[in-house]
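A.B. asks: So the chains spell out like this:
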Amino acid sequence: GAGVSQSPRYKVAKRGQDVALRCDPISGHVSLFWYQQALGQGPEFLTYFQNEAQLDKSGLPSDRFFAERPEGSVSTLKIQRTQQEDSAVYLCASSEELAGGDTGELFFGEGSRLTVL
Amino acid sequence: KNQVEQSPQSLIILEGKNCTLQCNYTVSPFSNLRWYKQDTGRGPVSLTIMTFSENTKSNGRYTATLDADTKQSSLHITASQLSDSASYICVVYSSASKIIFGSGTRLSIRP
Chain A
1 GAGVSQSPRY KVAKRGQDVA LRCDPISGHV SLFWYQQALG QGPEFLTYFQ NEAQLDKSGL
61 PSDRFFAERP EGSVSTLKIQ RTQQEDSAVY LCASSEELAG GDTGELFFGE GSRLTVL
Chain B
1001 KNQVEQSPQS LIILEGKNCT LQCNYTVSPF SNLRWYKQDT GRGPVSLTIM TFSENTKSNG
1061 RYTATLDADT KQSSLHITAS QLSDSASYIC VVYSSASKII FGSGTRLSIR P
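If you read the sequences in order, they're chains A and B.
Under our numbering, the residues of the first sequence are numbered 1 to 117, in order.
Under our numbering, the residues of the second sequence are numbered 1001 to 1111, in order.
These are calculated hints, taken from the structure and not from any lab test.
Nothing here was measured: the structure is a model prediction, and the numbers come from that model.
Just so you know, nobody snuck in bad clues.
Straight-line distance between alpha carbons at most 16 Å, and here's what the computed EDC-like set of lysine to aspartate or glutamate pairs gives:
id, chain 1, residue 1, chain 2, residue 2
1, B, Lys1017, B, Asp1084
2, B, Lys1098, A, Glu105
3, B, Lys1098, A, Glu97
4, B, Lys1098, A, Glu44
5, B, Lys1071, B, Glu1005
6, A, Lys14, A, Asp86
7, B, Lys1001, A, Glu44
8, A, Lys14, A, Glu85
9, A, Lys57, A, Glu44
10, B, Lys1098, A, Asp56
Required output: the full structure, derived from the provided sequences and hints.
C.D. replies: Right, here's the structure in full:
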């Protein structure tokens, strides 16, 4: 498809389980972002990749969160030993890199809604 | 601290009426500002982009303004339609990875 694709759309996990969320960005987009969005709130930054390099992971809330983009395309966000406070929508966005290093328009996926019981 | 504040938090208006959403930011350095529309259960979609030198920009029934001196932006929606019901998020770009999101204004259009 032409857009950003995320899977699964919905995930229910028992507390303590590990989960993996996948993001397929728009082909050719250099930049990839992961955001966490709580109900009624704006997206909160988690991490940023430029190609395969993870340039900023300052938003990851704990060492239970891990993201990778090994070949500079598909990315996976992994959450280990899930907790109830991890329940949220996880949004992936990709963008072109503009001249001068600026980030272009962010194109978002539909998100993965994680519910931890 | 880099922040983006939006008001009102929520708004209900009748179909056909106009409305204005506000955004104040304290992000520095400033690269550009975008307004995104997020339908329920969907990812945000960009409506407009405002650069430092731009004061106003229109996209159909949406008009965005930017006052870089006071660090304020607004999004004006004219002749609202039921499909305008969504969250509108103000987003300020500071650098390649520093993109600050507001909490959004939840707009409901009633017939």
